[in-house]
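Chains A and B, in that order, give the protein sequences.
First residue of the first sequence: 193, per the working numbering; consecutive thereafter.
First residue of the second sequence: 117, per the working numbering; consecutive thereafter.
Be a bit skeptical, because a hint or two may be false.
[Unchecked claim] With a straight-line Cα cutoff of 30 Å, these simulated DSSO-like cross-link-like pairs (lysine-lysine) come out: (1) Lys169(B) to Lys276(B); (2) Lys286(A) to Lys187(B); (3) Lys324(A) to Lys219(A); (4) Lys326(A) to Lys254(B); (5) Lys322(A) to Lys187(B); (6) Lys187(B) to Lys211(B); (7) Lys254(B) to Lys187(B); (8) Lys123(B) to Lys308(A); (9) Lys123(B) to Lys286(A); (10) Lys401(B) to Lys238(A); (11) Lys238(A) to Lys326(A); (12) Lys324(A) to Lys123(B).
[To be verified] Reference listing, derived: stretches of chain B covered by chain A, where coverage requires no fewer than 3 residues with Cβ under 8 Å from a Cβ of chain A: (13) 119-129; (14) 320-330.
[To be verified] FRET-style restraints, in silico, Cβ to Cβ: (15) Asn259(A) to Ala310(B): 32 to 38 Å; (16) Lys219(A) to Thr131(B): 38 to 44 Å; (17) Thr247(A) to Arg402(B): 21 to 27 Å; (18) Gly255(A) to Trp138(B): 50 to 56 Å; (19) Gly379(A) to Gly145(B): 52 to 58 Å; (20) Gly145(B) to Ser331(A): 38 to 44 Å; (21) Phe197(A) to Gly145(B): 55 to 61 Å; (22) Glu285(A) to Ile167(B): 51 to 57 Å.
No lab work stands behind these hints, which were simulated from the structure alone.
Glycine residues also receive a C-beta, built at the ideal position from the N, C-alpha and C atoms.
If you want the building blocks of each chain, they are given just below.
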Amino acid sequence: MIELFGVTKMYPGGQVALKDINLRISKGEFVFIVGPSGAGKSTLVKLLFREELPTRGQIFFSGRNINRLRHREVPYLRRRIGIVFQDFRLLPEKTVYENISFAMEVIEASSREIRKRVPQVLDRVGLSHKVKAKPSELSGGEQQRVALARALVNNPDILIADEPTGNLDPDTSWDIMTQLDDINKRGTTVVVASHARELIDCMKKRVIQLEKGSLVRDEERGVYSNET
Amino acid sequence: MRLRTIKYFFRESFTSLVRNRWMSLASVGAVASALIILGSFLLLSVNFDYILKDVESQVEITAYLEDSLDKNGISRLNNHLTAIIGVKEVNFISKKAAIEEFKEQVGKELLEGIDNPLPNSFRIKVNDPHEVAVVAEKVEKFAGIDEVKYGKGVVEKLFKIIHWVRLIGLAIMIVFAAVSVFIISNTIRLTVFARRREINIMKYIGATDWFVRWPFLIEGIVLGLIGSSIAIGVLGIAYNYLYITVKLNLPMISLVPKEQFYDYALGFLGIGMLIGAFGSSFSIKRFLNV
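Between the sequences and the hints, there should be enough to build the whole structure, so can you do that?
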């Protein structure tokens with residue numbers, strides 16, 4: 193599904209964010225990317241949905257080299273990727289329903305599809321009763337579930353979450369992780385950048401550890417850290 | 117493109133217009149005032165042009181004839197003058213006709229009982245008013261011509277002034293057009309900036325550049341159209357008033373007819389639309405590179 197070959201990312205000024213990363217994520221996997229802040233997790237995530245281009249190396253998505261995508265082809269790559277951020281990134285003046293239908297309007301789905309699909313995903317994240325609420329009326333966990341629903345509404349091949357529980361308390365974080373696990377069990381590949389140690393240890397998923405831009409550990413059913 | 121998408125574009129741009137109503141109002145105000153200034157200069161300059169054309173067309177050469185010239189000589193000379201390149205029209209004014217005209221101007225009583233002192237003359241109109249001096253020189257060389265008058269010096273000066281006035285008018289108009297575009301693109305940049313989060317999210321979700329661009333483009337065009345409509349309204353009323361006032365009080369000055377204003381109005385709508393579209397696409401460019 194996703195393959196990285198010798199990927200290096202340097203920012204202007206010579207700062208090296210990622211060093212020679214080789215990585216393969218298969219369809220249907222659940223992968224944690226861990227490491228202290230500044231280790232390169234966010235950069236890796238940005239490379240995956242092509243917000244940034246690698247300085248060196250190749251990235252393949254379903255066999256396609258995404259470095260070579262033209263500017264106007266990028267939107268179509270992103271439609272196959274669902275993205276969830278730490279700060280939710282919901283539109284404050286739109287209702288829960290509109291925030292999700294918006295994602296379908298953007299890819300020019302038909303009204304009928306939108307009317308059918310939005311209630312489905314809302315039901316899946318357990319927010320059917322908050323359809324008309326504005327994001328400001330929701331708790332952090334509920335907002336993140338709306339963001340999850342928005343990421344899922346267009347049936348992406350892969351869901352990428354950058355610190356999805358960074359702004360949430362432990363109980364709510366656990367709820368979001370369970371949701372992500374559930375999404376993965378239904379067949380979507382899930383990649384989560386996180387440093388929520390306890391959660392990761394409990395989930396027993398594949399863990400990829402970054403340290404100062406290098407990949408230092410890649411372990412099936414891993415824990416956050418091998419030390420201690 | 118789906119009908120739903122087009123509806124979405126219009127809904128988005130109108131929601132945004134209403135949501136940012138103060139900013140929209142500011143934009144409309146900017147477009148309107150810029151176009152009013154631009155339009156005033158435009159009207160001023162077309163009218164100036166119109167009056168100058170009128171003045172230009174009145175420039176003519178008067179050639180006074182020697183009294184000794186007889187009828188045959190006059191008609192021969194007439195043919196010669198008509199044959200000069202650049203001459204449009206030659207009119208013979210007899211001594212009698214000249215004194216009659218003069219009487220008309222100064223009043224009959226004044227000239228009662230005075231011997232007619234005026235000579236026979238030709239009034240010569242030229243094709244290009246700028247060639248007056250050249251033609252006058254040629255006319256002067258014919259035998260039987262006593263004196264040639266065409267307002268030497270005055271005409272040349274007038275043309276020089278006209279030339280500069282046109283040049284300066286054009287420069288001022290270009291400056292104001294540029295200022296208008298700048299003001300509008302800045303105001304629309306504010307709307308775009310206010311919605312940068314939304315644009316950012318749209319790009320992450322997989323919106324194409326054009327999908328993001330259209331609502332802003334429509335918004336800009338609507339702002340431009342409203343602004344230019346206001347400008348047209350204000351200028352129309354003002355010009356109508358000016359036209360009537362001038363016609364009543366200064367009948368010798370002829371202004372560009374009111375009807376011609378409609379042509380300018382259409383042009384203005386077009387300019388407003390272009391400024392809006394240009395301003396918004398200019399402002400949004402930076403936010404699309406995500």
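Hints versus structure:
Distance check on the hinted pair: Lys169(B) and Lys276(B) sit about 14 Å apart at the alpha-carbon level, within 30 Å; holds. Distance hint between Lys286(A) and Lys187(B) is unfulfilled; the C-alpha atoms sit about 96 Å from each other, more than 30 Å. Taking the CA atoms of Lys324(A) and Lys219(A), the gap is near 35 Å; set against the 30 Å cutoff, the hint is violated. Distance check on the hinted pair: Lys326(A) and Lys254(B) sit about 89 Å apart at the alpha-carbon level, beyond 30 Å; violated.
Taking the CA atoms of Lys322(A) and Lys187(B), the gap is near 108 Å; set against the 30 Å cutoff, the hint is violated. Taken as a hint, the Lys187(B) and Lys211(B) pair is honoured in the structure, with Cα atoms around 13 Å apart against an allowance of 30 Å. Taking the CA atoms of Lys254(B) and Lys187(B), the gap is near 22 Å; set against the 30 Å cutoff, the hint holds. Annotation: proposed proximity of Lys123(B) to Lys308(A) holds, straight-line Cα distance about 19 Å (limit 30 Å).
Between Lys123(B) and Lys286(A) the CA atoms are separated by roughly 17 Å; this keeps the pair inside 30 Å, and the hint holds. At most 30 Å may separate the alpha-carbon atoms for a hinted pair to count; Lys401(B) and Lys238(A) meet this at roughly 21 Å. Annotation: proposed proximity of Lys238(A) to Lys326(A) holds, straight-line Cα distance about 28 Å (limit 30 Å). A hinted pair counts as satisfied when its Cα atoms are at most 30 Å apart, and Lys324(A) with Lys123(B) qualifies at roughly 22 Å.
With 3 residues having a beta carbon nearer than 8 Å to a beta carbon of chain A, the segment 119-129 of chain B meets the requirement of three or more and the stated coverage holds. As drawn, the segment 320-330 of chain B meets chain A at 7 residues by the rule of a beta-carbon pair under 8 Å; at three or more, the given contact holds. Between Asn259(A) and Ala310(B), the C-beta spacing of about 34 Å keeps the proposed range 32 to 38 Å intact. For the pair Lys219(A) and Thr131(B), the supplied restraint of 38 to 44 Å holds, since their beta-carbon distance comes to about 40 Å.
Look at Thr247(A) against Arg402(B): about 23 Å separates their beta carbons, and that is inside 21 to 27 Å. The hinted range of 50 to 56 Å is satisfied by Gly255(A) and Trp138(B), whose Cβ atoms lie roughly 51 Å apart. Separated by about 55 Å at the C-beta atoms, Gly379(A) and Gly145(B) satisfy the suggested range of 52 to 58 Å. For Gly145(B) and Ser331(A), the Cβ-Cβ distance of about 42 Å falls inside the hinted range of 38 to 44 Å, so the restraint holds.
As the Cβ distance of Phe197(A) to Gly145(B) is approximately 56 Å, the hint placing it in 55 to 61 Å holds. For Glu285(A) and Ile167(B), the hinted distance range of 51 to 57 Å is satisfied, since their beta carbons lie about 56 Å from each other.
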